[in-house]
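Read off the chains here:
There are 2 protein chains.
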Amino acid sequence: MDNIKNYVQENKDRFINELIELLKIPSVSADSAYSQDVINTADAVKASLEKAGCDFVEICETPGYPIVYAEKTIDKNLPTILVYGHYDVQPADPIELWTSPPFEPVIKKTELHPDGAIFARGACDDKGQMYMHVKALEYMVKNNTLPCNVKFMIEGEEEVGSPSLAWFVERNQEKLKNDVILISDTGMISNTQPSITTGLRGLSYVEVEVTGPNRDLHSGLYGGAVANPINILAKMIASLHDENNHITIPGFYDRVEELSREERDEMAKAPFSLDAYKKALDIEDVYGEATYTTNERNSIRPTLDVNGIWGGYTGEGAKTVIASKAFAKISMRLVPDQEWNEITELFTKHFESIAPKGVTVKVKPHHGGQAYVTPIDSIGYRAAASAYEESFGIKPIPVRSGGSIPIVALFEKELKSKTIMMGFGLDSDAIHSPNEHFGIFNYLKGIETIPLFYKYFTEMSK
Amino acid sequence: MDNIKNYVQENKDRFINELIELLKIPSVSADSAYSQDVINTADAVKASLEKAGCDFVEICETPGYPIVYAEKTIDKNLPTILVYGHYDVQPADPIELWTSPPFEPVIKKTELHPDGAIFARGACDDKGQMYMHVKALEYMVKNNTLPCNVKFMIEGEEEVGSPSLAWFVERNQEKLKNDVILISDTGMISNTQPSITTGLRGLSYVEVEVTGPNRDLHSGLYGGAVANPINILAKMIASLHDENNHITIPGFYDRVEELSREERDEMAKAPFSLDAYKKALDIEDVYGEATYTTNERNSIRPTLDVNGIWGGYTGEGAKTVIASKAFAKISMRLVPDQEWNEITELFTKHFESIAPKGVTVKVKPHHGGQAYVTPIDSIGYRAAASAYEESFGIKPIPVRSGGSIPIVALFEKELKSKTIMMGFGLDSDAIHSPNEHFGIFNYLKGIETIPLFYKYFTEMSK
Chain G
1 MDNIKNYVQE
11 NKDRFINELI
21 ELLKIPSVSA
31 DSAYSQDVIN
41 TADAVKASLE
51 KAGCDFVEIC
61 ETPGYPIVYA
71 EKTIDKNLPT
81 ILVYGHYDVQ
91 PADPIELWTS
101 PPFEPVIKKT
111 ELHPDGAIFA
121 RGACDDKGQM
131 YMHVKALEYM
141 VKNNTLPCNV
151 KFMIEGEEEV
161 GSPSLAWFVE
171 RNQEKLKNDV
181 ILISDTGMIS
191 NTQPSITTGL
201 RGLSYVEVEV
211 TGPNRDLHSG
221 LYGGAVANPI
231 NILAKMIASL
241 HDENNHITIP
251 GFYDRVEELS
261 REERDEMAKA
271 PFSLDAYKKA
281 LDIEDVYGEA
291 TYTTNERNSI
301 RPTLDVNGIW
311 GGYTGEGAKT
321 VIASKAFAKI
331 SMRLVPDQEW
341 NEITELFTKH
351 FESIAPKGVT
361 VKVKPHHGGQ
371 AYVTPIDSIG
381 YRAAASAYEE
391 SFGIKPIPVR
401 SGGSIPIVAL
411 FEKELKSKTI
421 MMGFGLDSDA
431 IHSPNEHFGI
441 FNYLKGIETI
451 PLFYKYFTEM
461 SK
Chain U
1 MDNIKNYVQE
11 NKDRFINELI
21 ELLKIPSVSA
31 DSAYSQDVIN
41 TADAVKASLE
51 KAGCDFVEIC
61 ETPGYPIVYA
71 EKTIDKNLPT
81 ILVYGHYDVQ
91 PADPIELWTS
101 PPFEPVIKKT
111 ELHPDGAIFA
121 RGACDDKGQM
131 YMHVKALEYM
141 VKNNTLPCNV
151 KFMIEGEEEV
161 GSPSLAWFVE
171 RNQEKLKNDV
181 ILISDTGMIS
191 NTQPSITTGL
201 RGLSYVEVEV
211 TGPNRDLHSG
221 LYGGAVANPI
231 NILAKMIASL
241 HDENNHITIP
251 GFYDRVEELS
261 REERDEMAKA
271 PFSLDAYKKA
281 LDIEDVYGEA
291 TYTTNERNSI
301 RPTLDVNGIW
311 GGYTGEGAKT
321 VIASKAFAKI
331 SMRLVPDQEW
341 NEITELFTKH
351 FESIAPKGVT
361 VKVKPHHGGQ
371 AYVTPIDSIG
381 YRAAASAYEE
391 SFGIKPIPVR
401 SGGSIPIVAL
411 FEKELKSKTI
421 MMGFGLDSDA
431 IHSPNEHFGI
441 FNYLKGIETI
451 PLFYKYFTEM
461 SK
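Protein chains in written order, with the numbering used here: chain G, 1 to 462; chain U, 1 to 462.
These are calculated hints, taken from the structure and not from any lab test. Only a predicted model underlies this, so the values are computations on that prediction, with no experimental measurement involved. Some clues are possibly wrong.
Since copy identity is lost for identical chains, a pair holds within one copy or between any two.
With a Cα cut of at most 27 Å, we get these calculated DSS-like pairs of lysine-lysine [as the list claims (entries may be wrong)]: (1) K362 / K279; (2) K142 / K462; (3) K349 / K278; (4) K445 / K5; (5) K279 / K357.
Okay, chain G solo, but in the shape it has when bound:
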């Protein structure tokens, strides 16, 4: 299947420029200031799918941001692949740490990306990886090599927990009917060692508010005599982990699937250098749950992290104040078989219970999702493995990712089909961080690999 290689080579400049145009639109779903940009991005995605050769494309309104739906049907008797992706992006802040503006894409070479990488918010997560599928379809349609039917469902709320997607999927089960769901919103081990994500962590994301006195107070006149909401919040957060970095919320681990020694030994075979890991993050040592390795801590174990904290005077200089309120955003990554709604309830109950007299506590659930594990003996996984092996020349390794795509569990429940996660990004691509980027090599390799998945999946489904 050299045609695709040639096609990519002939069109790569156009592929890159089209993606760059898409990346220029700041589709930050978490911040309502960007709502028009999010909607404009949906329109741009719709246009790209029409141009790629879909025979039906529509913008589907939802209670939140619209979902772009498209399909190309060649034969009702052939399998149907449903491609899922998202056109929204994470907020860009802290903006001052970007070496170039997050929505003015530029190509720069890096140690891991000698052919250059596109630097922009959303370059990898997920505009770049989503657009690989649009370009792969373009190739298959133009060259009459599309072996099966395809549907696209591209949403605009993934970075805020996909609040409208469940609503949409429940109402469109017939329309979304498929034989396998294909997502590129994860990573792979390296450009020389592809991997397929077989597991995702679940998520429970909450915001907490601790209120002490009814107004900010002078820390001299009241200091030492009233509960300081910031000190109390710090104390409450600190108490959520014990000395072994186990999470102290009662019942938190009750449903956690414990992997066998064999499974853990299998995982341990994935190439990993702790020194390189520490060097890349510029840290003296790693930190986490006792008796687990770094790769276990960020994949098969649940976690609790504060994602943001604020309270009191944070401006220039000094203000001797005791704040009336302190806030934190806290997220928990979950593993099979934790129930995210149950975990949110356990957290809320526990957090309220540890608040001392003198403060009141509010816990506001943001969103969440279930963890997911996909079997490696399915047609979908085997087709993906063959596709990677052919385009990279080496067998991919199955890995569990620490990230969350909450809707994968939803798809299985509502659409009764398995999801295959063919990711082409690298952990070092700084998704959710300043200077997010996506390697040109990875982008083009993805476009090359996807048609192979279509081919093998159709053959193996016969």
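Since the structure of chain G is provided, determine the placement of chain U on it from the hints.
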């Protein structure tokens, strides 16, 4: 001395309007955005002192904001009173909690101020209380009742720790020579029970920075595997107090003056209602160091409070990020005989020592000052007590304040004279908080009482 009462009644509208004009200038010394306003305020204070009848007024440049110096000498053989105050104010934020703009003064009635109170940042701390002295001088000059010499030293950096004042005082000992220093920058128990502040707490103010990974990370891919600077900062802050709310910094209490049972019993006689205290702050219970009462916790005991904390994503919605850095502003209120520089060093050493591997810690000292206690058998204290008793018709009670005026200890060291703190504000005036205000009654009563201090101090000095 009814003339002063009459004079205040005849001129009270003008006194109020002049203060309102002064309060309109946002002289926030902590925020360089207001630097021109701070300087303009110095000019306004200079003009008011000239108008009040000083025979020499000047703006003294310093490494920071200028100091307004003035004097009125009637006889070298008579005592000299040095009046200290400050024309800078605290930042106004959180601005959204003000019921009227902080720099657009308005008069509103409150439960404790039935005659109305002026609402504005700096109304009480310290523009209003400083201006009482200007108006009292105006009265004494106009009516030829000034019994002694007076000097004014009004600075513009008190809210940021008076960094330039020591520099100024050391260089102007002869010019500042005096027999007593008079300050109105504290409060009193109530409008029916005046009190004189005989003690002030010291201060050590620091800013801490905790750095983990060299960039913000995706909390799914790295969560659980690296030290999260916010969780670590929370843990470090929490560890600074033990289960009895004692501060855990080694050596912190070594120099703390322990009061005798008798002294504590004497203190306990000051009228205080815990229920009213809790009701005013809308809290279910107080919180503080075991075995000490509320009034002891906020006056004779040292404290450690976080005044501000920030890190990670604090915007709208959710961002699943592990921040690279987390910050906090922390202040410690000190009591005799703690050395503030030593405490800053002890804190820094301890805070760095409790940082786990995987993060680095920076501690930046902001400013500080010594605690202070003034004897109640001095001429200055007795003159102040007589002045309050005459104008309020009731003996004032000596109290220790939890606040800090670091320069009081400096004055004693450099100028070899005692400081008398004649405060007229109330704890409920919300200084350093949104909706700061100063009672019209208190403002006028202060103008009435100050000339009595001049009279008694001169007589008792004979």
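Okay, the hints, checked on the actual structure:
Taking CA atoms no more than 27 Å apart as the test, K362 paired with K279 passes between copies only; the shortest distance there is 21 Å, against 39 Å inside one copy. Taking the shortest Cα distances, K142 and K462 sit within 27 Å of each other inside one copy (24 Å), while across copies they are farther apart (108 Å). Taking identical chains as interchangeable, the C-alpha atoms of K349 and K278 lie at most 27 Å apart only when they sit on different chains, with a minimum of 26 Å there against 36 Å within one chain. Only within a single protomer do K445 and K5 lie at most 27 Å apart by alpha-carbon distance; the minimum there is 9 Å, versus 89 Å between protomers.
Taking the shortest Cα distances, K279 and K357 sit within 27 Å of each other only across copies (14 Å), while inside one copy they are farther apart (45 Å).
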